[in-house]
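Asks: Sequence:
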Amino acid sequence: MAGRLLNTEHGCGPGPGPGPGPGPGPGPGPEPEPSQSSAPAFIRPFREHHIDPTAITRHDFIETNGDNCMLTIVPLASMAISFLTLSPAAVHHNYSWYCYVFALAIFVTLTNQIHKWSHTYFGLPGWVVLLQDCHVILPRKHHRIHHVSPHETYFCITTGWLNYPLERLGFWSGLEDLIQRVTGEKPRADDLRWAHKVN
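Using this note's numbering, you'd call the opening residue of the sequence shown number 465 and step up by one each time.
Since the hints were derived computationally from the structure, they do not count as laboratory data.
Don't take every hint at face value.
To be verified - Result set (DMTMM-like, lysine to aspartate or glutamate): computed pairs, CA atoms no more than 25 Å apart in a straight line:
1) 650 <-> 524
2) 605 <-> 524
3) 650 <-> 512
4) 605 <-> 616
5) 650 <-> 640
6) 605 <-> 512
7) 605 <-> 631
8) 650 <-> 597
9) 605 <-> 516
10) 650 <-> 631
Produce the entire structure from the sequences given, and follow the hints as far as they go.
Replies: Right, dumping it as structure tokens:
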């Protein structure tokens, strides 16, 4: 599974990789073509994004943000249950943690929306442009650095604040090298497969 991480945008989970095929004998068969069955719905857009970076601008609100919203349901529900069942003293004791979880949930929920805005050059609300210009959310010009082939830097898509420090530290290249040494998988080796249109 670690090798499959190389086949996705960093931090987005497992992607399609070699798997058992219909071929004879033991061992893996041919690598499957990208399809709905080999690439979960939440991975596929990230892989196709480098082929058509503006596709995200044609997605509606639910398609853009739905998967991330689902990720926040459990922690937010747990926090709501705590507020309803714990004593005020217990809530106060963990209040800093609850504030952190809530703020994190907001950014996780909106990260794809913010990413979509970084690809939208016309018709953005003024307040979004202001937040981009102030680097509160990912600026359009800043995100263009990531979209220069071979797409191997500036992976942070919410605020972009950590892109420069992580690049200076060699974090992503070091992580890719480590995973490649452990798994033998080369980063972005299957990108051309994703250029094919998938139903």
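Asks: Regarding the pair residue 650 and residue 512, is the alpha-carbon distance no greater than 25 Å?
Replies: Status holds; Cα separation ~18 Å.
Asks: Straight-line Cα separation of residue 605 and residue 512 no greater than 25 Å?
Replies: The hint holds at about 21 Å.
Asks: Are the Cα positions of residue 605 and residue 616 separated by 25 Å at most?
Replies: The hint holds at about 17 Å.
Asks: Could you grab the alpha-carbon distance between residue 605 and residue 631 and see if it respects the 25 Å cut-off?
Replies: With a Cα-Cα distance of about 17 Å, the restraint between residue 605 and residue 631 holds, given a limit of 25 Å.
Asks: CA of residue 650 to CA of residue 597, is that 25 Å or under?
Replies: This hinted pair is violated, its Cα atoms lying about 36 Å apart.
Asks: For the pair supplied as a hint, residue 650 and residue 524, is the alpha-carbon distance within the 25 Å limit?
Replies: 33 Å, violated
Asks: Measure nothing beyond the straight line between the CA atoms of residue 650 and residue 640; if it is 25 Å or shorter, mark the hint as holding.
Replies: Holds - the C-alpha atoms of residue 640 and residue 650 are around 8 Å apart, at most 25 Å.
Asks: Next pair to validate is residue 650 with residue 631; report whether the Cα-Cα distance is within 25 Å.
Replies: 19 Å, holds
Asks: For a C-alpha distance cap of 25 Å, please report whether residue 605 and residue 524 respect it.
Replies: 23 Å, holds
Asks: Take a quick look at whether residue 605 and residue 516 sit within 25 Å of each other, Cα to Cα.
Replies: 17 Å, holds
Taken one by one, the earlier hints fail for this structure at numbers 1, 8, listed in ascending order.
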